[in-house]
Amino acid sequence: MSMLKHFLPTLLFFSIPVVAIEVSPNLGKAASDQQLSQWNKDIFPDGQGLPKGKGTASYGKKIYNKHCLSCHGFEGTGSSADELAGASHSLTDNPPDKIIGTYWPYATTIFDFTRRSMPLNAPGILNTNELYAVTAYLLYLNGIIEENAIMNEKTLPAVVMPNRHGFINIYQQQDKNP
Amino acid sequence: MTQPTELQTIAGGGLLDRRVFLKKGITFSVAALASESLLAETDPAQLPWMKTPGEPLSNYGQPSAHERKTIRWTMGNSMADGNGVSWTPLHDLEGTITPNGLHFERHHNGVPQIDPAQHQLLIHGAVKKPLVFTMEALLRYPMSSKLCFIECGGNSNAGWRDVPIQTAAGYVHGMSSCSEWTGIPLKILLNEARVKGRAKWLIAEGADASAMNVSIPLEKAMDDCILAVYQNGERIRPENGYPLRLVAPGWEGVLNVKWLHRLHLSNKPAMSRNETSKYTELLPSGKARQFTFVMDAKSLITHPSYGQQLNKTGYYQISGLAWSGRGKIVKVEVSADGGKTWAVAELQDPVLSKCFTRFRIPWHWNGQTAILKSRATDETGYVQPERDALIAARGKHGYFHYNAIVSWQISNHGEITHVYA
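Just so you know, the protein sequences line up as chains Z and V, in that order. According to our numbering, the first sequence is numbered sequentially starting from 481. According to our numbering, the second sequence is numbered sequentially starting from -17.
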């Protein structure tokens, strides 16, 4: 108690307004080139991040039937997981059919999502050529590319998706309506 | 304890009329013969748990066995049970803080069991110094706390259906939960990595089996995002992102990336699956709203609500929750006549920005049919819309961002159902 009595006036004297501490202790370590190349899995619509490789729909069909069909159904028509192809109606119908061919704005997203997340029971199991092939198969099933079209790091970002211009960037508009 | 009035003594020393045994039977006879200490054992004020020592100390407390119905409602994919959602039982809770074990979940491929000693955060891309942080290092950083809600963009989506869903309030609207998140202001780490001028977006990725990623505007990251390590005072639970979660106050749950292990600074968004094919809202025109980050003002009455029963007429306290991703809630109005008239409810202090706000108002139920509604207004002047207005603006196929006024109908039997009114 005597200590407290001794310190109290000093503490009060030094009670200055508290400001948020935003000084970094600088404990981050320089990331190695190896870690950067191994960890960076992001793929952009312009093709940035796509690995070298290639595949076609015919090979993609084999990959699809082995790894994807059990959840996404025959030719992507959907089952316990999303319908991916074979839309029977459009985005303005009731109900709408939101699938790769009618809704997805970028072909690169198919490759990226399949590589990072699919198949659900063993993500990462498909190699680069298998990923290009299954991407080609899904684009072919949706009538976007020809059956023999080769998908690679150059041709995939060049694919123009039917709903490429179907989105309104609300963040940029700062929309405040309900 | 047997009442002495019936045990009229007939003689000194406590002698009772013998015939009393014939009248009262065997149990009475025990009491009649009881010594003073036996009488104490049957003291009705001393309930069973007052008569023997209680349970021992525990390392981690659990709710009462009588509250086992207060649970998250889970719904996983039939072929992959880690892919799905669980809802916070808002209808069973009071106050504003969600207990950690009841915080809602949305996982895209299960809950990873991460060893924090092996977990790292990489910041790279449009930065002058790509950096990697261990959890040990991150725990030494200056931290701050933020009380805020996290709400899934798909919360309340049953509201778009043509028929009102008859489900407990939390199991419709409980993909929203509120916690105190403590961690490192993201700005500190971004400044350490020295963000380049061309950077406009931040692509955040989780270390789960979905490697889920989304793009977040740099302005938000520099404003109020936190890399959370603690939730309500304890280390974040695995299902909520252990050991590191990006908390983006007031913005869609999907942006609050769990199990965070990578931040990629870029001049453009990744256009990942969860910002294109999902978490976008299709309009009747066929165009879709994208990057609809902010969760607009919402409120609902939790007490009374669907599934609860009013057994008597008279006084009840109406209680509910309101929140807005735009800032503070400034007003919640309540109607007991289906929206014809409204009264301003009391807001429980403290009212915090982007945080659950509890509102309450007393109510006398006269036993007649009534429709209860609540309507929130936030500090930007945004008013929670009626369902008709929301559908007029967005159609019925947006799926995400349903925030319309919720209506509960009380029947003249005190039964509560969900209605569109």
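The set of hints was computed from the structure by calculation and includes no laboratory data. Treat the numbers as computed from the prediction; the structure is a model and nothing was measured. Backbone N, C-alpha and C define an ideal beta-carbon position, used for all residues, glycine too. There's no promise every hint is true.
What the hints assert, rightly or not - Here are the computed distance ranges between Cβ atoms for each label pair:
{"#": "1", "chain 1": "Z", "residue 1": "D562", "chain 2": "V", "residue 2": "R176", "range": "57 to 63 Å"}
{"#": "2", "chain 1": "Z", "residue 1": "D577", "chain 2": "V", "residue 2": "A325", "range": "44 to 50 Å"}
{"#": "3", "chain 1": "Z", "residue 1": "N545", "chain 2": "V", "residue 2": "S60", "range": "53 to 59 Å"}
{"#": "4", "chain 1": "Z", "residue 1": "S570", "chain 2": "V", "residue 2": "E361", "range": "54 to 60 Å"}
{"#": "5", "chain 1": "Z", "residue 1": "R644", "chain 2": "V", "residue 2": "G396", "range": "52 to 58 Å"}
{"#": "6", "chain 1": "Z", "residue 1": "K546", "chain 2": "V", "residue 2": "P98", "range": "33 to 39 Å"}
{"#": "7", "chain 1": "Z", "residue 1": "G558", "chain 2": "V", "residue 2": "T34", "range": "57 to 63 Å"}
{"#": "8", "chain 1": "Z", "residue 1": "A629", "chain 2": "V", "residue 2": "P98", "range": "43 to 49 Å"}
{"#": "9", "chain 1": "V", "residue 1": "P124", "chain 2": "Z", "residue 2": "G623", "range": "52 to 58 Å"}
{"#": "10", "chain 1": "V", "residue 1": "A325", "chain 2": "Z", "residue 2": "S559", "range": "46 to 52 Å"}
{"#": "11", "chain 1": "Z", "residue 1": "S570", "chain 2": "V", "residue 2": "A375", "range": "19 to 25 Å"}
{"#": "12", "chain 1": "V", "residue 1": "T56", "chain 2": "Z", "residue 2": "S559", "range": "39 to 45 Å"}
{"#": "13", "chain 1": "Z", "residue 1": "N607", "chain 2": "V", "residue 2": "E216", "range": "40 to 46 Å"}
{"#": "14", "chain 1": "Z", "residue 1": "K509", "chain 2": "V", "residue 2": "T34", "range": "54 to 60 Å"}
Here is what the structure says about each hint:
The hinted range of 57 to 63 Å is not satisfied by D562/Z and R176/V, whose Cβ atoms lie roughly 41 Å apart. Remark: the range hint 44 to 50 Å for D577/Z to A325/V is upheld by a beta-carbon distance near 45 Å. Look at N545/Z against S60/V: about 21 Å separates their beta carbons, and that is not inside 53 to 59 Å. Between S570/Z and E361/V the beta carbon distance is about 40 Å. The supplied range of 54 to 60 Å is therefore violated.
For the pair R644/Z and G396/V, the supplied restraint of 52 to 58 Å holds, since their beta-carbon distance comes to about 55 Å. Against the hinted window of 33 to 39 Å, the Cβ-Cβ separation of K546/Z and P98/V comes to about 36 Å, which satisfies the hint. Restraint check, G558/Z to T34/V: a C-beta distance of roughly 59 Å satisfies the suggested window 57 to 63 Å. One distance hint, 43 to 49 Å for the beta-carbon pair A629/Z and P98/V, holds here, with the actual separation near 46 Å.
Taken as a hint, the range 52 to 58 Å holds for the pair P124/V and G623/Z, whose Cβ atoms sit roughly 55 Å apart. Evaluation of the 46 to 52 Å hint for A325/V and S559/Z yields a pass: the beta carbon distance comes to about 50 Å. Range check, S570/Z to A375/V: about 21 Å between beta-carbon atoms, so the 19 to 25 Å window is met. Separated by about 21 Å at the C-beta atoms, T56/V and S559/Z break the suggested range of 39 to 45 Å.
For N607/Z paired with E216/V, a C-beta distance near 42 Å keeps the hint of 40 to 46 Å intact. At roughly 58 Å, the beta-carbon separation of K509/Z and T34/V lies within the given 54 to 60 Å, and the hint holds.
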